[in-house]
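J.: Below are the chains, spelled out letter by letter.
Number of protein chains: 2
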Amino acid sequence: MPDGIKVPMPTLERLATYFSVLTDLKVRNIETISSADIETRTGVNAAQFRKDLSYFGEFGRPGIGYNVIELCSRISRILKLEKTQPVVIVGAGNLGSALAGYQPLRAENFRIVAVFDSNPRKIGAQLWSLTIKDVANIVEENKTLKAKIGIVAVPASVAQEVADRLVKAKVSTILNFAPTMLRLPEGVTVRNVDFVQELAVLSFHLPENG
Amino acid sequence: MPDGIKVPMPTLERLATYFSVLTDLKVRNIETISSADIETRTGVNAAQFRKDLSYFGEFGRPGIGYNVIELCSRISRILKLEKTQPVVIVGAGNLGSALAGYQPLRAENFRIVAVFDSNPRKIGAQLWSLTIKDVANIVEENKTLKAKIGIVAVPASVAQEVADRLVKAKVSTILNFAPTMLRLPEGVTVRNVDFVQELAVLSFHLPENG
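Residue numbers (the numbering used here), protein chains in the order written: chain A, 1 to 210; chain B, 1 to 210.
Hint data in this document are derived by calculation from the structure and do not stem from the laboratory. One should not assume that every hint holds.
Identical copies go unnamed one by one, so any copy, or any two together, can satisfy a pair.
[Claimed, not checked] Computed cross-link-like contacts, DSBU-like style, restricted to lysine-lysine with a CA-CA straight-line distance of at most 35 angstroms:
| no. | residue 1 | residue 2 |
| --- | --- | --- |
| 1 | Lys6 | Lys122 |
| 2 | Lys168 | Lys148 |
| 3 | Lys51 | Lys122 |
| 4 | Lys80 | Lys146 |
| 5 | Lys122 | Lys26 |
| 6 | Lys6 | Lys51 |
| 7 | Lys26 | Lys148 |
Produce the entire structure from the sequences given, and follow the hints as far as they go.
T.: Given below as structure tokens:
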């Protein structure tokens, strides 16, 4: 992929979707896929799929389709998913604990290397194979861990403070589960996962007289 | 809101974001907000915000801004969030358990009324204030529960089977956490939350030599 290419966010999100579907196909030993199959499996139409890939050069063969393993590995390179990425989680509550043990993350080259919390009753406790660490030490700890991806799994009221700490610890991308918008310095990328927002969108689609 | 109005999905998603931010402001007793404030807090530009609202009639006053409580309640009406929505979860693993106990859902009129699983060692066990039920009985159980929203929190390998059961149980909207695309009959709305996909998008933004 050419250096410094600017990829629009919707394209990037679709690439991540393709990657997810291709990984699933790979596991099930399916060798070839057409752009029509992609449409069925992702809801993204075939023309859009081809356009998304065109940012990154030539893919597939007309009338034959795409080799699943090859396409998966090329998208994986584009998304920089080839080497294992250390990830830190802040918040050892229900959600943080669930994420720390979430199998598909481990399978996909994301490795949870530490879970932090501020609760003295949690610090030092075991969570899966990890020992919960004090968030007060995160800047120091991350000098060794070198995680660039941080997950915020704390209540909204303390999420900004946690995000500030992550930035100080040189984390440059944040997955935020707290239902609040984080203010972050330029150069730090954030993605918000807001369960309430997702349910609100579904709620709109409920039948009127259900 | 006029009947049968067709709202584009991106508009709907932004409405849900505004709702989330406004709820936060309401809790903090902030009375008025300008579209510029909305821009700062959501990243959605002020013109887009005004355009999104224009689907649903007149809002706000020029030079004064929007009354937070009023705007929040109108968006809540648009998204049909006014009455409590019963929600069922399938999957009493780490993620399902975390979602069942997730405070912000309770605060926002979504009530988890049941958690189902297929594991005999889990069925009958207590989870928060609920007793885990057998997913084999979901069609029968939902005749009483009347949930229209279902959450799929099971591994990808069994997600389709679970979704089919939910549809049989007359659930019409699904929040899917399994990293797989569900095939659903027309009229059933699905939203996918894919943690791997989210991290993959962040991964793309990592500095080259971090």
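J.: Indicate, hint by hint, whether the structure satisfies it.
T.: Do the hints match the structure? See the list:
1. Lys6 - Lys122: neither (42 angstroms within a copy, 48 angstroms between copies)
2. Lys168 - Lys148: within (11 angstroms within a copy, 44 angstroms between copies)
3. Lys51 - Lys122: neither (49 angstroms within a copy, 47 angstroms between copies)
4. Lys80 - Lys146: within (16 angstroms within a copy, 44 angstroms between copies)
5. Lys122 - Lys26: between (39 angstroms within a copy, 32 angstroms between copies)
6. Lys6 - Lys51: Both: 14 angstroms inside a copy, 27 angstroms across copies.
7. Lys26 - Lys148: Result: close both inside a copy and across copies, 28 angstroms intra and 34 angstroms inter.
Checked against the numbered hints above, the structure violates hints 1 and 3; every other hint is satisfied.
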